[in-house]
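J.: The chain contents come next:
Protein chains: 4
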Amino acid sequence: MKTTILIHCPDQAGIIATVTSFISKNEGNIVYLDQHVDKPANVFFMRTVVEFEEHFSHLDHFKSLFQKELATAYNMKWSLHTDDKLPKMVIFVSKYKHCLYDLLSRYRSGELAVEIPFILSNHNDLKQIADQFNIPFYHIPFNKENRLEAEKKQLALLEKYEADFIVLARYMQIVSGTLINRYPNKIINIHHSFLPAFAGAKPYHAAFKRGVKIIGATSHYVTEELDAGPIIEQDVTTVTHSHSIKDFIAKGRDLEKIVLSRGVMLHIARKTMVYNNKTVIFS
Amino acid sequence: MKTTILIHCPDQAGIIATVTSFISKNEGNIVYLDQHVDKPANVFFMRTVVEFEEHFSHLDHFKSLFQKELATAYNMKWSLHTDDKLPKMVIFVSKYKHCLYDLLSRYRSGELAVEIPFILSNHNDLKQIADQFNIPFYHIPFNKENRLEAEKKQLALLEKYEADFIVLARYMQIVSGTLINRYPNKIINIHHSFLPAFAGAKPYHAAFKRGVKIIGATSHYVTEELDAGPIIEQDVTTVTHSHSIKDFIAKGRDLEKIVLSRGVMLHIARKTMVYNNKTVIFS
Amino acid sequence: MKTTILIHCPDQAGIIATVTSFISKNEGNIVYLDQHVDKPANVFFMRTVVEFEEHFSHLDHFKSLFQKELATAYNMKWSLHTDDKLPKMVIFVSKYKHCLYDLLSRYRSGELAVEIPFILSNHNDLKQIADQFNIPFYHIPFNKENRLEAEKKQLALLEKYEADFIVLARYMQIVSGTLINRYPNKIINIHHSFLPAFAGAKPYHAAFKRGVKIIGATSHYVTEELDAGPIIEQDVTTVTHSHSIKDFIAKGRDLEKIVLSRGVMLHIARKTMVYNNKTVIFS
Amino acid sequence: MKTTILIHCPDQAGIIATVTSFISKNEGNIVYLDQHVDKPANVFFMRTVVEFEEHFSHLDHFKSLFQKELATAYNMKWSLHTDDKLPKMVIFVSKYKHCLYDLLSRYRSGELAVEIPFILSNHNDLKQIADQFNIPFYHIPFNKENRLEAEKKQLALLEKYEADFIVLARYMQIVSGTLINRYPNKIINIHHSFLPAFAGAKPYHAAFKRGVKIIGATSHYVTEELDAGPIIEQDVTTVTHSHSIKDFIAKGRDLEKIVLSRGVMLHIARKTMVYNNKTVIFS
Chain A
1 MKTTILIHCP
11 DQAGIIATVT
21 SFISKNEGNI
31 VYLDQHVDKP
41 ANVFFMRTVV
51 EFEEHFSHLD
61 HFKSLFQKEL
71 ATAYNMKWSL
81 HTDDKLPKMV
91 IFVSKYKHCL
101 YDLLSRYRSG
111 ELAVEIPFIL
121 SNHNDLKQIA
131 DQFNIPFYHI
141 PFNKENRLEA
151 EKKQLALLEK
161 YEADFIVLAR
171 YMQIVSGTLI
181 NRYPNKIINI
191 HHSFLPAFAG
201 AKPYHAAFKR
211 GVKIIGATSH
221 YVTEELDAGP
231 IIEQDVTTVT
241 HSHSIKDFIA
251 KGRDLEKIVL
261 SRGVMLHIAR
271 KTMVYNNKTV
281 IFS
Chain B
1 MKTTILIHCP
11 DQAGIIATVT
21 SFISKNEGNI
31 VYLDQHVDKP
41 ANVFFMRTVV
51 EFEEHFSHLD
61 HFKSLFQKEL
71 ATAYNMKWSL
81 HTDDKLPKMV
91 IFVSKYKHCL
101 YDLLSRYRSG
111 ELAVEIPFIL
121 SNHNDLKQIA
131 DQFNIPFYHI
141 PFNKENRLEA
151 EKKQLALLEK
161 YEADFIVLAR
171 YMQIVSGTLI
181 NRYPNKIINI
191 HHSFLPAFAG
201 AKPYHAAFKR
211 GVKIIGATSH
221 YVTEELDAGP
231 IIEQDVTTVT
241 HSHSIKDFIA
251 KGRDLEKIVL
261 SRGVMLHIAR
271 KTMVYNNKTV
281 IFS
Chain C
1 MKTTILIHCP
11 DQAGIIATVT
21 SFISKNEGNI
31 VYLDQHVDKP
41 ANVFFMRTVV
51 EFEEHFSHLD
61 HFKSLFQKEL
71 ATAYNMKWSL
81 HTDDKLPKMV
91 IFVSKYKHCL
101 YDLLSRYRSG
111 ELAVEIPFIL
121 SNHNDLKQIA
131 DQFNIPFYHI
141 PFNKENRLEA
151 EKKQLALLEK
161 YEADFIVLAR
171 YMQIVSGTLI
181 NRYPNKIINI
191 HHSFLPAFAG
201 AKPYHAAFKR
211 GVKIIGATSH
221 YVTEELDAGP
231 IIEQDVTTVT
241 HSHSIKDFIA
251 KGRDLEKIVL
261 SRGVMLHIAR
271 KTMVYNNKTV
281 IFS
Chain D
1 MKTTILIHCP
11 DQAGIIATVT
21 SFISKNEGNI
31 VYLDQHVDKP
41 ANVFFMRTVV
51 EFEEHFSHLD
61 HFKSLFQKEL
71 ATAYNMKWSL
81 HTDDKLPKMV
91 IFVSKYKHCL
101 YDLLSRYRSG
111 ELAVEIPFIL
121 SNHNDLKQIA
131 DQFNIPFYHI
141 PFNKENRLEA
151 EKKQLALLEK
161 YEADFIVLAR
171 YMQIVSGTLI
181 NRYPNKIINI
191 HHSFLPAFAG
201 AKPYHAAFKR
211 GVKIIGATSH
221 YVTEELDAGP
231 IIEQDVTTVT
241 HSHSIKDFIA
251 KGRDLEKIVL
261 SRGVMLHIAR
271 KTMVYNNKTV
281 IFS
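Chains as they are written, first to last, in UniProt numbering: chain A, 1 to 283; chain B, 1 to 283; chain C, 1 to 283; chain D, 1 to 283.
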């Protein structure tokens, strides 16, 4: 069984040796280790992948030992993930097709190690894509009047299906604090600019007006401040004076779908850690 | 003699045919033509490179005909450039070496078809590089008190040497409206971010704080609004959580020097046109 | 009606003026013009988009005039394309899903202005994707013994459905000279390397073995010499020592699908011309 | 004192724990650790940066303990580097200026932590650049007749100045096996293509002829097989049909200088390890 352990804690001398020795003594073989120290913040980050001996049968014992002997002493925040259960990923969409198609195509091609219990939208337009891929689709209209009630329905569905994380695949709606607090660093959004440039609505129009020579896309975890959450992945492409806003949008679609899918894949692989509104990406 | 003609005017049907026929009738052979229509603004742009017949000896006549028969009728802004005289490029620097070294190395390698009459700085630090390349160096200190007087000296030098355009090679000072108005779209600056992100001072610190995964550089014509002038060229490079601010600065240096030099080369080759605070780059 | 005219011919002075004047005189308004001269080969290329006056009703007359007055005199190869009929694009696949999913997703999203009369494969694996998108699927097994017969069936289908061009979406089979000659510069393949590096089979394995730091993909027109046809589009991505062959393949999938789709879109938009086994891409 | 330790050896369980515990016990604080396992080859690689306690004064003792307790047991190849002495870098050039200018500009700007004892060339053309930067320049002509004698002179100079490594900054000569064996994985070359494409001479001409849409550059360690040594760094840029061979060369110059300098900087920082004709780059 492949086990991924994520740790962060105040930095101090000897910490790598201590953790790796602990794992060795407890019958784990470290097959991957990456570490980072955020010096200004004095925080130590570590991601390690461990394979336990075949007869190993006491992960709960390992975890309680880890907590007692290491985590408490070093004031660690840590988590341990095994690969025996697929995480449940819910997709929120609005009317744009390209990100949804890309995610579902990868899912059916075996590129995403998840379950997709359902797709949720405030419009009915993309139901036919959900049908095409045989995934339940819920249409929960959303407007100023029914806002609270709609959110309640969303949360009920997420609970019912035991969602692990949410992907906003060009969802085009601002997500409420309630939802964000329920899924901290577990809601991934795609913004169609190289943030922090052109935060907010209509970034391609703003980019065209400014006359930039590159456009971009950014996948990030959603926080309460709009388009200001921890950035997971960014990419850009060049544009010239000869490209219209329509061309920006067309070129941007390819960026958006790739950058969102890369962000999702990093999240699934437990390669992301969040601290101080920034990510550590052990890729 | 190679002649470059730049035109922009309100768009209308038949304009390409009219201009190209005029040139043909007047013994010019079009060896390159690029054209662009800014549809929202309804403006036509054209850059054409013309070779005249060997016996051709009346460029002034051509120019006055062009004005009379075409430019007035079509309400054109136009300019004509021959390659028999090198433009005079003045470099303003402060304390950073990399952009100056890159420009002077290209100059000495024959990559920049310019004369460099002098280098100007508010500090004395880079005099030795100017000496190394045998280029006059003027040190004009600059502070709140002597601001106006210093500018007067700058302008006097620029006039005396008949500067055609100015390159701010990490000059680190805000250029006054007087200078900008004297050299409109003729002052090229390098900003160390992918504008409009992180305009203003200390962009690498801001980028680090925001946790972006790409950093960039932008060369642009200087206008009175800080870091908001027409963008000539941009490029980016990737960064990760493992890069410190010092790493951002080091990676950024390579971007800055390349993006500035590309901007300068486009300007020298008459491949840039400015309209509505944006550039048309016929590259 | 939007009309695209593609021309190439021996270069000579005055040719742009002659063509643009001809179009103007014949009630066409040039909305786009791009031109290129291959100097070593002394060949002139031009792509122009023309809008004819509303009452214009004699495209056949225009074409015969164009041939008589221009094409014969200048020894032009030329073609004229109107946008009133969608080209018919046939997709050949084998077992890989990602390129097929990307093409069909774009098709359903309205990004590809084509009809897809059918998908053809030497395996049955991807029939379910064709079904999912409601597109006819033909399974024609292919082996050493039935080679000629299988090709006959392929050709019969292509004729029956009046295919305009063919996309090999990771087809994994060598296409015969018969098919290539029937569809010259009309069969688009995706090769999973930055050609000419790693031509032939298993490029990711070869790239891994060589220890390259970039991998790439190339879309090109198929010619009889394997992986040596005119290149339409290429792109690359970085890899490191930490990536396994499996990682190369995963990163490559994203390159392949984007580079193939871009090549297909350039072809559909009539932005490609082929000469001397190279492409001129008026993008 | 900052100490960098590089290790590679057959992979086995527990090795990270063993090494890190050893360092901790011997008063070293691990400030950076990166590790890699080449699974097909079953080789473990590790780079760690260690800071020893202030009173630490027995590096020789540490080294002999390391050899005895770890290296022998694990069959390690290892090296330990302190930062108290700058490595001596010799530059070989021919007639091209751009890479030499870039290296010397970085050197004078403090970007390269080396000494440059001398520059060597088979031509006299670049002597003036060496003079400009006050670095000794040796002109050793090189031809079929004097080959062996010239090499002897080269080796004598390298010995005399105690060169640590050699940079071929567009040297344009094939280096002999004698020199390569004397400086294994210590001669860095820049090749002006994205190897393995266009190995050998005149890669830009070959790239132009093939009609590629990207060109590149590769820095690599020199081995006896031409252009086939371990790749350190590669980068590419896009080209179009409109670029002539001259344009390829101009765009390539910027790639070459950046890719060579990056390769040199990785080497200086001890971030490169070589195994099976490939590099592990801990960047």
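Because the hints were derived from the structure by calculation, they are not lab data. Fair warning: there could be bad hints in the mix.
Identical copies look the same in the list; a pair holds intra-copy or inter-copy alike.
Only pairs whose alpha carbons sit at most 27 Å apart, straight line, appear in this in silico BS3-like list of lysine-lysine [to be verified]: (1) Lys152 to Lys271; (2) Lys278 to Lys160; (3) Lys160 to Lys202; (4) Lys68 to Lys25; (5) Lys2 to Lys202; (6) Lys278 to Lys153; (7) Lys85 to Lys202; (8) Lys209 to Lys271; (9) Lys85 to Lys68; (10) Lys25 to Lys246; (11) Lys202 to Lys278; (12) Lys209 to Lys95; (13) Lys127 to Lys63; (14) Lys77 to Lys186.
J.: Look at each hint and say if it fits the structure.
T.: Evaluation of the provided hints:
1. In this assembly of identical chains, the alpha carbons of Lys152 and Lys271 never lie at most 27 Å apart, being 31 Å within a copy and 51 Å across copies at closest.
2. Taking CA atoms no more than 27 Å apart as the test, Lys278 paired with Lys160 passes in neither setting, with 31 Å inside one copy and 51 Å between copies.
3. Taking the shortest Cα distances, Lys160 and Lys202 never come within 27 Å of each other, neither inside one copy (34 Å) nor across copies (46 Å).
4. In the homo-oligomer, the alpha carbons of Lys68 and Lys25 lie at most 27 Å apart both inside one protomer (15 Å) and across protomers (23 Å), since each shortest distance falls under that limit.
5. Taking the shortest Cα distances, Lys2 and Lys202 never come within 27 Å of each other, neither inside one copy (43 Å) nor across copies (29 Å).
6. For the identical chains of this complex, Lys278 and Lys153 are neighbours neither inside a copy (31 Å) nor across copies (47 Å), given an alpha-carbon limit of 27 Å.
7. For a Cα distance limit of 27 Å, the shortest separation of Lys85 from Lys202 qualifies neither inside one copy, at 39 Å, nor across copies, at 33 Å.
8. Proximity of Lys209 to Lys271 under the C-alpha cut-off of 27 Å is restricted to the inter-copy arrangement: shortest distance 21 Å between copies versus 37 Å within a copy.
9. Taking CA atoms no more than 27 Å apart as the test, Lys85 paired with Lys68 passes inside one copy only; the shortest distance there is 26 Å, against 45 Å between copies.
10. For the identical chains of this complex, Lys25 and Lys246 are neighbours neither inside a copy (60 Å) nor across copies (32 Å), given an alpha-carbon limit of 27 Å.
11. Taking the shortest Cα distances, Lys202 and Lys278 sit within 27 Å of each other both inside one copy (25 Å) and across copies (19 Å).
12. Only within a single protomer do Lys209 and Lys95 lie at most 27 Å apart by alpha-carbon distance; the minimum there is 25 Å, versus 34 Å between protomers.
13. Taking identical chains as interchangeable, the C-alpha atoms of Lys127 and Lys63 are never at most 27 Å apart, the minima being 43 Å within one chain and 47 Å between chains.
14. Taking the shortest alpha-carbon separations for Lys77 and Lys186, only the intra-copy value of 17 Å comes in at or below 27 Å, while the best inter-copy value is 44 Å.
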